[in-house]
Amino acid sequence: MERASRISAALIFIAPLAVLVALWAVVVPAFGVRPQIFPSVAAVGKAGLESLIDGSLLRHVASSVSRVAIGTVLAVLVAVPLGILMGVSRGVSAFLTPLMRFFSVLAGIAWIPIATLWFGYGFGAIVFVIFNAVFFVVAYNTLLGVSTIPMTLRHAAASLGAGRRAMLTDVLLPGALPNIVTGIRTGLGFAWRGLIAAEMIATDVGLGYMLFVARDFYQTEVIVLGMIVIGTLWLLIDRLILVPLERATIERWGLVSA
Amino acid sequence: MKSLSLKNLAKTYFDAYKGEHVTAIRDVSLEVPAGEFVSIVGPSGCGKSTILNMVAGFIPHSGGEILVGGAPVKGPGPDRGVVFQSFALFPWKTVLDNVGFGPKMRGVPKAERDAIAREYLALAGLSHAADRYPNELSGGMQQRVGVVRALANQPDVLLMDEPFASVDAQTRMTLQDELSRIWEERRPTVVFITHDVPEAVFLANRVVVLSKGKVLAEVDVPISRPRVWDRLVADEQFKDLSNQVLALVRSA
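Chains B and L, in that order, are what the protein sequence lines are. Numbering-wise (our numbering), the first sequence opens with residue 1 and increments by one. Numbering-wise (our numbering), the second sequence opens with residue 1001 and increments by one.
Hints may contain errors.
[Unchecked claim] Here are a few chain L residues that face chain B, going by a calculated C-beta distance under 8 angstroms:
no.: 1; residue: W1092
no.: 2; residue: G1102
no.: 3; residue: R1106
[Said to hold, decoys possible] Ranges of calculated distance between the beta carbons of each label pair, as one might list FRET restraints:
no.: 4; chain 1: B; residue 1: R164; chain 2: L; residue 2: K1007; range: 51 to 57 angstroms
no.: 5; chain 1: L; residue 1: T1012; chain 2: B; residue 2: G91; range: 20 to 26 angstroms
no.: 6; chain 1: L; residue 1: P1072; chain 2: B; residue 2: L168; range: 25 to 31 angstroms
no.: 7; chain 1: B; residue 1: F119; chain 2: L; residue 2: I1059; range: 46 to 52 angstroms
no.: 8; chain 1: B; residue 1: R164; chain 2: L; residue 2: I1059; range: 15 to 21 angstroms
no.: 9; chain 1: B; residue 1: I228; chain 2: L; residue 2: P1109; range: 30 to 36 angstroms
no.: 10; chain 1: L; residue 1: P1109; chain 2: B; residue 2: R164; range: 32 to 38 angstroms
no.: 11; chain 1: L; residue 1: D1168; chain 2: B; residue 2: W24; range: 28 to 34 angstroms
Don't read these hints as lab results, they were simulated from the structure. Glycine included, every Cβ here is placed at the ideal spot set by N, Cα and C.
Model the full structure from these sequences, guided by the hints.
Set out below in structure tokens:
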């Protein structure tokens, strides 16, 4: 029963994508679209196969994913403790909230020019962009999460003997976790877009670079291949990381209906 | 179990909205000997929750003394267990871990505090719910956990702030029966805040009527125990005492 429903859910998810590919397969030859404008399904398939065989696709994917992973992990590790500290004190959180909002909106692409000035072209600049995309959003959401924990929960913990440290680890951190997860989701979204943009400008390897270089040679099949890979990787991040995180926190604790 | 005494307790605060100082509690003195169950009743705004919050240490008092077993209260602490109207269970912890939270804070090892938690859960007939999360339980069940969590930490004084006000009437009577039974078994020192007069009389050894921040009257409740609703609904002494307290509250 459960397995059947999972399979049908997967089919419902895949169906519109399949329709899109089918349309593409029909429209391109039917209208005689030139390959410099848009590639055929077969050409993209061939480009995918070739880049898999020569290892170039894997190299681009690996460098993009590792940049996002490193930037995100660093950002979360710094943002969460900082967000909690900011949230504990009413005064500090009131003072910093407008700043955090400001930088949350800036997050991502807007940092690229200054990142290349500071770090030059390459790994450092891109990780910096991703770090900023994730850091401000997660710190802001953590702050928000801590300040929305009901006072009675803090009171309950204190009257059960929780000291400062236990208040942080057993009340404030888990209480803010649903917001932290929301922050990570938003931040990763910014980071993923920021990554592609930064890679077009500031590096010589990665999915963004792959797209950008292909344009110079009118290789639309490589461009479209890259777009498909970028979208698919995001769906995988969503399914394999974000959704399980949300299941384990937000839904399980009944903070939103499952 | 220890005694609780309030000596000339007072609370004034600055109301920023009105722009003036407000006196919430003026000169309340109250003795609760160890092992006694005292209910505090009064109309909304009479200051009963303010007293409880000061005794719990959540808000500072502005005059007088609060002594638990003779020692003055400074801030919240595990010597005073609190049961909240809103239950205040940790939604990210299972029922077992909620109940084991107090022992955990004392540094009791995991296996031992699980055993303590299970013992107390059994006391309230909650053994089957140990591995559930609070949001999977009904309001009545959640508050059973709230009571058990406070008891499992073996406080000197148990403070209950309108704990059954947000559950339905049927469940409320069941919870009152259970609390009465648990009190008779364990004899904790209890201060129970409520605006429900029959509830106050049913549970307590003594009912304190509060009005405008002062003690209006104290009424002893010598009804024999064990007390259960099946017996007390028709009990003349219970009716008389409830009417007496109700008259006092309405005059307040």
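(request) May I ask you to test the hint 30 to 36 angstroms on the CB atoms belonging to B/I228 and L/P1109? (result) 53 angstroms, violated
(message) Just to be sure I understand the hint, the distance between the Cβ atoms of L/P1109 and B/R164 should be within 32 to 38 angstroms; is that true here?
(response) Violated, at about 22 angstroms.
(message) I want to verify a distance hint. Is the separation of the beta carbons of L/D1168 and B/W24 within 28 to 34 angstroms?
(response) 59 angstroms, violated
(message) Restraint: L/W1092 near chain B, CB-CB cut 8 angstroms. Satisfied or not?
(response) With Cβ-Cβ at 4 angstroms, under 8 angstroms, it holds.
(request) Could you tell me whether the CB distance from L/T1012 to B/G91 stays inside 20 to 26 angstroms? (result) 24 angstroms, holds
(request) Kindly confirm whether 25 to 31 angstroms is satisfied by the beta carbon distance between L/P1072 and B/L168. (result) Between L/P1072 and B/L168, where Cβ atoms are some 28 angstroms apart, the hint holds.
(message) The hint names L/R1106 as touching chain B; please verify it with the least Cβ-Cβ distance against 8 angstroms.
(response) OK, holds: L/R1106 within 8 angstroms of chain B, min 6 angstroms.
(message) Is 46 to 52 angstroms respected by the C-beta to C-beta distance linking B/F119 and L/I1059?
(response) 51 angstroms, holds
(request) State, for the Cβ atoms of B/R164 and L/I1059, whether the hinted interval 15 to 21 angstroms holds or is violated. (result) 19 angstroms, holds
(request) Can you let me know if the beta-carbon spacing of B/R164 and L/K1007 is within 51 to 57 angstroms? (result) 30 angstroms, violated
(request) Under 8 angstroms, Cβ to Cβ, is where L/G1102 needs to be relative to chain B, so tell me if that hint holds or is violated. (result) 4 angstroms, holds
Checked against the numbered hints given earlier, the structure breaks hints 4, 9, 10 and 11 and satisfies all the rest.
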